[in-house]
Amino acid sequence: MRPFTYERATSPEAAAAAAGRTQGAKFIAGGTNLLDLMKLEIETPTHLIDIRPLGLDKIEDTDEGGLRIGAFVTNTDLAADRRVRRDYAVLSRAIMAGASGQLRNKATTAGNLLQRTRCPYFYDTNQACNKRKPGSGCAAIGGYSRQLGVIGVSDACIATYPGDMAIAMRVLDATVETVKADGEARAIPIADFHRLPGDAPHIDNVLEPGELITAVTLPRPLGGKHFYHKVRDRRSYAYALVSIAAVVQRDGSGRVGVGGVAHKPWRVEAAEAALPEGAAAVAPQIMAGARPTEDNRFKVPLVERTLAAVLAEARS
Amino acid sequence: MKFDTPAGANPIDKMTVIGRPTDRIDGPAKVTGTAPYAYERHDVAPNQAYGFVVGAGVARGTIRSIDLADAEAAPGVIAIVTAENAGRLGKGRMNTAKLIAGPDVQHYHQAVALVVAETFEQARAAANLVRVDYQRVPGRFDLDAELERAPLVGGDSNEGSAAPPVDEVGDFEGAFAAADVTLDERYTTPDQSHAMMEPHASIAAWDGDQLTLWTSNQMINWGVGDVARTLQIPKDKVRLISPFIGGGFGGKLFVRADAVLAALGAKAAGRPVKVALTRPMMANNTTHRPATVQRIRLGAGRDGRLTAIGHESGSGDLEGGQPETAVAQTKLLYAGANRLTSMRLAVLDLPEGNAMRAPGEAPGLMALEMAMDEMAERLEMDPVEFRVINDTQVDPEKPERPFSQRNLIGCLRTGAERFGWDRRNAKPAQVRDGDWLVGMGVASAFRNNMTMTSGARVTLEPGGRVIVETDMTDIGTGSYTIIGQTAAEMMGVPLEQVEVRLGDSSFPVSAGSGGQWGANSSTAGVYAACVKLREAVAQRLGFNSTDDLDFTGGQVSAGGRSGQLTDAARDGAITVEDKIEFGDLGEKAQQSTFGAHFVEAAVHRMTGEIRIRRMLAVCAAGRILNPKSARSQVIGAMTMGAGAALMEELAVDKRFGFFVNHDLATYEVPVHADIPHQEVIFLDEADPQSSPMKAKGVGELGICGIGAAVANAVYNATGTRVRDYPVTLDKYLERLPAVA
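From first to last, the protein sequence lines stand for chains A and B.
Read in order, the letters of the first sequence correspond to residues -15 to 300 in this note's numbering.
Read in order, the letters of the second sequence correspond to residues 39 to 778 in this note's numbering.
Be aware that a few hints might be false.
A short, non-exhaustive set of chain B residues, derived as facing chain A with CB atoms under 7 Å [as the list claims (entries may be wrong)]:
#1 I719
#2 D762
#3 T766
Okay, the calculated bits of chain B under chain A, using three or more residues with CB under 8 Å as the criterion [what the hints assert, rightly or not]:
#4 235 to 244
#5 606 to 612
#6 636 to 645
#7 680 to 692
#8 695 to 704
Note that these hints are calculated values from the structure, not bench results.
Each residue gets a CB set at the ideal place from its N, CA and C atoms; glycine is no exception.
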C-alpha cells in the first residue's frame, strides 16, 4: 500500500470538487474492495476522501412513487428494507446472493456499483492487464478464463463486472445520481453507467474525474414475480458463473438481466418481447454475438438454462 | 518401550477417560483468543520487526539483477535479505526446491527477497519497490504433454503409502484380455491447495548463535533438522516452538520460506523478525497436492469377481521431486489374482508438489472408486455388493500376509442399512424431486495406518498434577486432548489434573502430525512414558511388584494394599521419559483403516447446480480415542473431499507456469451452505497390533473415497459421468435433459 492523505468530506459538492482538483484522489465508503486493491497496489490513490460523514444513508420515497437510495446505504440495510423486499424483491435477492454478511454490512450502494473486476490476472501484478496497466496487454486472453466474459468483450479485455446488485438495478431501470466536480448534478441511467471494455478497459464506467455518486433511484414498482438466480460452483460467497435477474408478469412478459457474462450488467430489451415464448426464444437474442473462450463456452447455454429455470419457477 | 508383540490387556482398556467423547482441553483458549499462534507471539521477544516476502514474478529463469535502491530508501526499512547477501545456504531434506531463489528461479512466487521494516505496512510498501530483472526461460507446465515422455518412478511420499515404479502380480494383460466384463477409463484429478486457515508464519530471534523460531509447523523435529541444514548451523542451535497451528493438511510438514527468511531477516536486522506469507502467495510459494492422470483397467467374471486390476498413474513435480502415489491403495483394497500398478513422474516447472491430507489415497480413490462404480454398473451389480464380494482379508499381492484387522464389509453393510441404500434406484436419472435429479453414491474408504517412533516426558508433581511434554503438534486435530486422556487413564487421575505441553523442540521427539499416524503414535509414546512413571510411583510407595498395579481415582493399589498417588511425589516431583518404538508387526500384517462413504446428491435438471443432501461415513479404524474429536476429523475430511469432488482446482496457466487462482476468492473451498448434515459411525474395534493404544488414524481416512462417493451420487442422479475432477457443471451441462 502506498502512503496517502485522507480527508473527511463535508458536503457532496465539496467532496466532488476536492476529488476533481486532486490528482490521484479517490472516494472511500465501505472500503471492502478499495482497501484490498490498495494492499495489492492495484489501486494506488494518493488521497482518500471519506464520504461517510455525508450521511447519504437514507432510503426515501420519491414523488414518482419510487425509492431514492442514498449512496452510503449499506447492502445489508438495502436488502432488508421493507419496501425493497416488497416492491423490488429482485434487488433484495441479488444483494443477498453476493459476498458475505460481514461484507454486506460494510459495502455500500455506490461502492457496489464501482467494484472492480475479479479477473485473476487483474489481481496478479506480475501479469499483463490492460485494465490495471493500460497498454500492457491482456494475459487473460489465451489464459485461464473460465470465470471471464463471453459477450461485449474486446481484444484488450475479457473481464466481467462481478457484482450482483447492479444486475437487479439494471432490470429495474435504476438511475445513478451524481454530483460532478464543478458542482453540477446529473442523472445517469444504469444502462449507460457501466462501459464495455473496448480499447480502454481501464475505464469501468462513465463517471468523470471527481464525480461522486450521491444516490440511486428506482422508478415505480413493476409488480410481477421477482427472481435472482445465481449459478456458481460454491453455493455461497462466490462470484457468479452466470446469474439471471428477472421480473416476470402474470402474462409471461417481463424483463431479464444477466450477470457474470460481460463487463457490465447485460440486458437486451429487444429480446424481452419474446419472454412469453420461453427461454429458447429469448436467450439466443440476449447472447447474440457472444465471443466465449474455450474455458467459458458453457456460459452461453447456461444463460438459457438458468433463464428456463427462472421462467419455470415463474409459471409455478 | 519396544512394541514388537501385539498388545495384551493394559490400563488403557479400562476406557474410563479414553474412548469417551471429550471436549478439547484447548478449546477455551481457542475460543477466547488466548491460544498463542505463531504470528501473534508479541510477548516472546521484544522489539520485533516485520518481514514481507517478495515472490518471483516468473516461473522459470534467472535473476539478472535486483535493484534494491528504492526499497532500501523507503521509510522504516531495516534490512533486505536476498540469496546474494544471505550467505551460504543449504537445502532442507524435505524441500524439493530451494526456499530462496537466486540466481535461478525454480517456480513462480519462489521467494526472491525479504524486506524487513519497522511496521508491516512499511515492509509491504517497500517490497513493492524491489525491482527484479529476470531472464525468463521456457518451462514445462503441461502435465499431459510431459507425461508422454515421463519415466516410471517409484515413490514414498513424505507422509504417504509407498509404491514401486511398476508392480505386477500374475498376468494382468492376459487376464484383462480374457475377462468377461472390462473397464478401461482415464481419470484426472487437478492440483489442489491445502488452503488452511492460518498461513505459514514465523517469528525468529537470535541469542548469539542460538536461534529460536516460533512457527507453525506439523513436524517439529523434521523442522529443526531442515532449518539447521538450510542455515548451515548445528541442529542444537535451533529451537522450534509451535504449540498451536491453524491447520496444516500437510502444507506445514516442512520448513517453508517464512521460517528461513525470518531467521535470515532477524540476523540481518539484529533483532527479532516476524514473517507471514500472504494468502495470494500461498498457492505458488508453498506446496500443493499434484494433479494426476490415471488409467484404470478392471476385468471381472460375470460373477462380479475381479480377475484383473490395473492402475497406472502419472503426475508431475519439480526436478528431484516425488510422484503422487495414487496407486498405493489399489495394491491392497480388493482381491484379484492379476494386478498391475505403475507410476510415471514428469518434470514440471510448476511449484513444488508434495503431501496433502492422504497423499496418494485421496486422488487415487477418487479414480478407483469411480471406476468401481462404473464396473458395478457394467456387471449389473449393486455397487455395495460388488465391493463386498471383492473384499480380501489378506494382502492380495502377498496372500501369506493378513490384515491386522479389516472390516470393510462391516462399514459397507452398516452404512447401507443406516443410509437407506435400498431406496437407491440402480438405474441413473430416474429419481426426481421437483426440478432436482436425485441420486445416491457409495465408495470405500481406505488409508494405511503408519506408525512412528514417539517420545514423551511425564512428571508427577507434588499435589498430584501430571505434566506431559512432547514435541507432538496439535494442528486442530485434538492432540492435546487425547494425550491428556491417555495420561489421565494411565495415572488414574481426572483429565483436569493433567497438563499437556506440545510443539516445542526442547521436549522429547514425537511422531508429529502427518499421515494420520499422529494420534496413535504420540499417545503410545505417552503410554510408554506413563508406564515408566507408574513404575517409579510404585517404587516410591513401596510396592514390590508392578505387575498388577491399578491406578484409579488417585489411588494406587496392588496385592490388596493401596496408597495415594500424591504421596509418591510428596518429597519432590517425579519425571521420567520414554518413547515407543515400533517393531515389525506392521510388516507381518498389513495395518490399514477402512470406511464406507454414502452420499445423496441432487442436480438441478436445468442449471446443473449440485447440492449434496446427506453424507454418512462408517469407519473401522481401531480404537477411537476421543469419539468427539475423531468425528470432527472425519466430517472435516468429508468436507474437504466434497470440495475436491465439486470445486477445488488450482488452475494452471500453461503459458506462464503458475496457479492463477491464488486466493480464496478464486480457489473455492466449501462453505457451510455446501455441506448438509453429516453423520459418522465408528465401528467398535481395538487393534492390538497397532500399538498399546490399539488405535489407528482417522484424520485422513475421512477424505479417502468421499470424492468418488459424491461423483457417483451425481452420476446416479443424472446419468452423466464426469471423470475429470472437479465435477463442475460445465463438464456435463449439455448432457443434461434439454430444457423447454
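Under 8 Å between beta-carbons, do enough residues of the stretch 235 to 244 of chain B, three at least, approach chain A for the coverage claim to hold? With 0 residues close enough to chain A, the hint is violated.
Hint status (Cβ of T766 (chain B) to nearest Cβ of chain A, threshold 7 Å): holds (5 Å)
Check whether three or more residues of the stretch 636 to 645 of chain B sit with their beta carbon closer than 8 Å to a beta carbon of chain A. Coverage by chain A holds here, the residue count being 3 at a Cβ distance below 8 Å.
Within the assertion that chain A covers the stretch 680 to 692 of chain B, do at least three residues meet a Cβ-to-Cβ distance smaller than 8 Å? holds (count 5)
A closest beta-carbon separation below 7 Å is what the hint needs, so does I719 (chain B) meet it against chain A? At about 26 Å, which exceeds the 7 Å cut-off, the nearest Cβ of chain A leaves the hint on I719 (chain B) violated.
For the stretch 606 to 612 of chain B, do three or more residues have a beta carbon lying closer than 8 Å to a beta carbon of chain A? violated (count 0)
Can you confirm whether chain A covers the stretch 695 to 704 of chain B, using C-beta to C-beta distances below 8 Å and requiring at least three such residues? This one holds; 6 residues, not fewer than the three required, reach chain A with a Cβ under 8 Å.
When the nearest CB of chain A is found for D762 (chain B), is that gap smaller than 7 Å? Violated, because the Cβ-Cβ distance from D762 (chain B) to chain A comes to roughly 13 Å (cut-off 7 Å).
Of the numbered hints listed earlier, those contradicted by the structure are 1, 2, 4 and 5.
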